[in-house]
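**Q** So you can see what is in the structure, the chains are spelled out below.
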Amino acid sequence: MLESLLVVLLIAAVAWIGSCIGLTAVFGIVLPYVAVLVFIIGLVKRMIYWAKSPVPFAIPTTGGQERSLDFIPYAKLDCPSSKFGVFVRMVLEVCCFRSLFRNTQACTFENDPVNGGARVVYYSSKWLWFFSLLFHYCFLIVFLRHFRFFMEPVPSCIGIIEAVDGVLQIGAPRFFLTGGLLLCALLFLLARRIFDQRLRYISLANDYFPLFLLIGIVLSGICLRYFDKAEIAQVKIFIMGLTHFSPVISGLDLNGMFIVHLTLVCTLLIYFPYSKLVHMPGIFFSPTRNLPTNTREVRHVNPWNPPKQFFTYPEYEDTYRDAMAAAGLPLEKQPEKKPTE
Amino acid sequence: MAKLPSPKDLLASRPDFPAESWLDTKPEFAPGSYCYPEKKETMELLHMPNPHDWDPSAEDWNLPDDWEKILCDAFADRLAKHRSLKLFMDICVRCGACADKCHFFLGTNDPKNMPVLRAELLRSLYRRDYTKLGKILGKKVGARGWDKNVVKELFYYAYQCTECRRCSLFCPYGIDTAEITAIVRELMHEVGLGTHWIMDPVKNCSFTGNHLGIKPHSFKEIVEMLADDCETVTGIRPKTPFNEKGHEILFITPSGDVFADPGIYTFMGYLLLFHELDLDYTLSTYASEGGNFGSFTTFNMAKKLNAKMYAEAERLGSKWILGGECGHMWRVVNQYMATYNGPSPSHMTVPKSPITGTVFKNAAATKMVHITEFTADLIRHGKLNLDPSRNDHIITTFHDSCNPARAMGLLEEPRYILKHVCNHFVEMPENTIREQTFCCGAGSGLNTEEIMELRMRSGMPRGNALRYVQQKYGVNHMACVCAIDRATLPPLANYWAPGVNVSGLHELVANALVMKGEPKRTMDLRQEDLPGVEDDAEGGEDQ
Ligand code: SF4
Ligand code: SF4
Chain A
0 MLESLLVVLL
10 IAAVAWIGSC
20 IGLTAVFGIV
30 LPYVAVLVFI
40 IGLVKRMIYW
50 AKSPVPFAIP
60 TTGGQERSLD
70 FIPYAKLDCP
80 SSKFGVFVRM
90 VLEVCCFRSL
100 FRNTQACTFE
110 NDPVNGGARV
120 VYYSSKWLWF
130 FSLLFHYCFL
140 IVFLRHFRFF
150 MEPVPSCIGI
160 IEAVDGVLQI
170 GAPRFFLTGG
180 LLLCALLFLL
190 ARRIFDQRLR
200 YISLANDYFP
210 LFLLIGIVLS
220 GICLRYFDKA
230 EIAQVKIFIM
240 GLTHFSPVIS
250 GLDLNGMFIV
260 HLTLVCTLLI
270 YFPYSKLVHM
280 PGIFFSPTRN
290 LPTNTREVRH
300 VNPWNPPKQF
310 FTYPEYEDTY
320 RDAMAAAGLP
330 LEKQPEKKPT
340 E
Chain B
0 MAKLPSPKDL
10 LASRPDFPAE
20 SWLDTKPEFA
30 PGSYCYPEKK
40 ETMELLHMPN
50 PHDWDPSAED
60 WNLPDDWEKI
70 LCDAFADRLA
80 KHRSLKLFMD
90 ICVRCGACAD
100 KCHFFLGTND
110 PKNMPVLRAE
120 LLRSLYRRDY
130 TKLGKILGKK
140 VGARGWDKNV
150 VKELFYYAYQ
160 CTECRRCSLF
170 CPYGIDTAEI
180 TAIVRELMHE
190 VGLGTHWIMD
200 PVKNCSFTGN
210 HLGIKPHSFK
220 EIVEMLADDC
230 ETVTGIRPKT
240 PFNEKGHEIL
250 FITPSGDVFA
260 DPGIYTFMGY
270 LLLFHELDLD
280 YTLSTYASEG
290 GNFGSFTTFN
300 MAKKLNAKMY
310 AEAERLGSKW
320 ILGGECGHMW
330 RVVNQYMATY
340 NGPSPSHMTV
350 PKSPITGTVF
360 KNAAATKMVH
370 ITEFTADLIR
380 HGKLNLDPSR
390 NDHIITTFHD
400 SCNPARAMGL
410 LEEPRYILKH
420 VCNHFVEMPE
430 NTIREQTFCC
440 GAGSGLNTEE
450 IMELRMRSGM
460 PRGNALRYVQ
470 QKYGVNHMAC
480 VCAIDRATLP
490 PLANYWAPGV
500 NVSGLHELVA
510 NALVMKGEPK
520 RTMDLRQEDL
530 PGVEDDAEGG
540 EDQ
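Protein chains in written order, with numbering that gives the first Met the number 0: chain A, 0 to 340; chain B, 0 to 542.
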């Protein structure tokens with residue numbers, strides 16, 4: 000855990016120093032291009048890597064009643080038998096984290112009065128669901144808000160997002176709700192890993208690193224907006240330059256914090272395709288969710304299905320013919336008469 | 000078998016998490032925590048790779064010399080064959096949502112029984128060979144190389160997972176640890192590691208047609224004895240057609256029901272039901288196994304054992320197959336059979352109930368119908384004369400088996416039937432039933448005696464839930480639709496909720512079934528007196 004924190008701090012420090020000693024061009028121009036390239040190529044490669052392996056078996060997890068007899072209502076959302084149903088299931092999964100919504104917490108009581116002994120009780124536990132959802136949606140909104148820097152003129156929908164986001168009307172510049180919530184959600188996810196014994200036990204450096212990285216990005220972003228303010232107009236010129244492939248940087252007044260923010264974002268982009276963060280495209284590939292539950296109705300074909308090899312009936316009858324005949328079981332071929340008879 | 004600790008001691012003896020990281024701990028092969036290994040001869044007979052003698056508790060497992068290469072190659076091969084594996088290796092975020100969903104974890108508190116860590120055992124190897132970060136940073140990011148202890152660990156935890164898929168229901172990405180376990184077991188088989196309790200039935204099924212190795216003539220004899228018992232109880236001797244050509248339906252059920260108490264009563268239930276309907280069906284001694292222990296070893300073995308079903312339907316000219324109550328059998332039938340061995344033989348037709356005319360469109364490709372779908376439809380159409388009061392002495396609950404629940408969605412049919420054949424039906428707590436059901440603790444080939452304590456641990460969530468309804472509502476019976484359950488739940492109930500009986504659903508159906516021309520019933524299928532029999536001994540006939 001500490002290593003992950005240190006690495007993030009180190010990256011930030013290097014970016015800061017870089018900006019001080021005049022390496023802005025490296026961190027401001029080279030790194031972003033490299034990062035975006037790595038991100039796109041890396042993700043595409045990962046998806047191709049997955050797609051190269053076939054889906055030999057249809058193994059959807061059925062989360063409710065199958066569609067069978069007419070008088071039995073079936074679970075259209077959790078056990079979808081049609082492509083459209085699967086689409087809805089996936090939308091709910093991706094947009095609402097439906098599986099996570101089911102989450103429960105098991106508590107084992109040693110002396111339950113009803114059981115007169117052990118009893119495991121399952122409490123609904125929606126915290127993880129809530130904060131994950133909060134994190135992902137806030138991140139999305141913050142991401143969309145940043146399009147203000149990428150587009151000229153700024154699309155009106157971004158203005159609307161900003162207006163809603165700043166609805167609290169606190170401070171100047173106005174405080175964006177999502178920024179704060181994003182930080183809260185990240186801190187919750189981090190606290191879970193640190194204070195929940197089970198989570199702590201399974202967590203690896205590769206779990207802490209993206210959390211610290213994201214926290215770093217959010218903190219530096221908040222800093223740029225409210226404290227060590229970036230020169231918005233200059234940032235926009237810089238970013239528009241990048242997006243139009245004619246980067247300008249000399250003469251612009253970009254502060255160190257901005258370079259730190261940018262560098263951390265680039266780190267995230269580079270890290271993304273090589274880490275667990277590929278769960279983002281990955282979920283769409285998940286065979287326990289993205290296949291219809293009509294496996295008895297429509298045959299799923301396995302491209303590497305090996306040839307059939309089994310103990311055939313003729314072999315079986317050859318093995319047991321006499322006993323079968325004696326037991327009066329029907330036979331394909333009658334046993335040969337024994338010579339003595 | 001060692002004496003079991005009391006439930007209290009069992010609970011209290013769950014150790015805390017170890018202080019070291021999971022990458023540094025090793026499993027201890029204490030007696031009772033692992034299944035016995037399979038014999039070399041059996042593995043040879045089945046042409047399994049690298050058969051050898053070994054002992055799980057020994058230091059050296061006598062792995063083949065090039066074991067590491069075999070495993071690395073096999074892993075690469077599985078990654079190339081299964082998108083699910085690649086994906087599940089890549090996208091887990093270690094959110095921990097699956098952690099306390101596993102009955103093995105709840106019962107043992109062993110961190111490696113959290114589905115996420117069970118998968119990490121393999122994922123750590125994947126990281127080293129298939130991810131950039133793992134290659135560069137190694138252990139820091141949870142990557143490690145193969146060594147013999149890792150093999151032991153994989154084996155140990157792959158046989159402490161019943162492939163129940165409860166974790167996959169709760170995982171935000173649907174990561175199915177059962178799939179990973181299945182593939183780890185395949186890998187273990189590549190270096191000749193398998194368990195006796197699984198491989199022996201596989202061998203039997205391969206060469207005699209069923210797990211128990213019952214030969215054709217004995218199979219017939221046993222079923223005829225069961226028919227005699229039916230006659231003792233009902234006064235009617237059901238017919239027992241065997242290997243007969245030209246019948247509309249081929250009936251296949253797990254062989255455990257022919258052989259073991261209390262499954263035999265379920266089997267008697269089938270015989271009586273079919274007789275009452277005058278169903279045009281046949282049994283087969285060749286395809287006399289619905290279950291598929293092959294599915295607990297490798298995909299290919301599952302395919303091989305499953306192939307007999309279509310082959311026999313083809314030979315006998317049956318139009319469709321009716322399948323009995325079983326859990327993993329239906330995982331295979333519902334999600335694998337058509338893929339493995341389909342398309343179904345060309346003469347087979349979309350199943351249609353000859354009694355009600357209902358067409359089972361949901362089985363259009365496999366041509367195989369679950370008996371509870373069939374019976375629920377009969378009841379719906381009023382085709383059965385049922386007297387649920389004959390089951391009035393029981394207050395029953397229903398155990399959803401993992402596979403029908405999470406790999407099929409068969410939830411309502413059994414309940415519909417149960418409510419029509421029993422007047423007293425109580426559900427267990429909601430997080431332990433339906434798609435959230437808990438395993439009996441011994442599925443996927445772990446229903447063996449030598450790990451009884453482990454089974455009682457993994458059965459704790461189910462046992463607790465049963466105990467709860469027993470204490471609160473006086474439940475004294477648990478119905479299920481799985482042959483493994485019928486073998487594993489009685490000891491479980493005995494341990495966690497003594498006094499609860501276990502039976503298949505069709506035992507209760509047959510108990511309630513009023514057959515044409517039957518004399519008044521005085522006993523149930525277990526030949527126990529029906530309640531109130533003495534009271535109205537003088538009360539005259541009721542039909
Ligand atoms: S719920 Fe899924 S993503 Fe979360 S830790 Fe478990 S397997 Fe990984
Ligand atoms: S499939 Fe079942 S037994 Fe296996 S890890 Fe998941 S919850 Fe546990």
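Check each hint, because a few of them may be wrong.
[As the list claims (entries may be wrong)] DSS-like mimics (lysine-lysine), calculated; alpha carbons at most 25 Å apart, straight line:
1) A:Lys-275 to B:Lys-138
2) A:Lys-332 to B:Lys-214
3) A:Lys-275 to B:Lys-318
4) A:Lys-332 to B:Lys-80
FYI, nobody ran anything at the bench for these hints, they're computed from the structure.
**Q** Evaluate each hint against the coordinates.
**A** Right, here's what the structure says about each hint:
Note on Lys-275 (chain A) and Lys-138 (chain B): the hinted pairing holds, with a Cα-Cα distance of about 16 Å set against a maximum of 25 Å. Restraint check for Lys-332 (chain A) and Lys-214 (chain B): the C-alpha separation of about 18 Å stays at or below 25 Å, so the hint holds. The straight-line distance between the Cα atoms of Lys-275 (chain A) and Lys-318 (chain B) is roughly 49 Å, outside the 25 Å bound, and the hint therefore fails. Among the hinted pairs, Lys-332 (chain A) with Lys-80 (chain B) is inconsistent with the structure: their alpha-carbon atoms are about 42 Å apart, more than 25 Å.
Of the hints listed earlier, those the structure fails to meet are numbers 3 and 4, in rising order.
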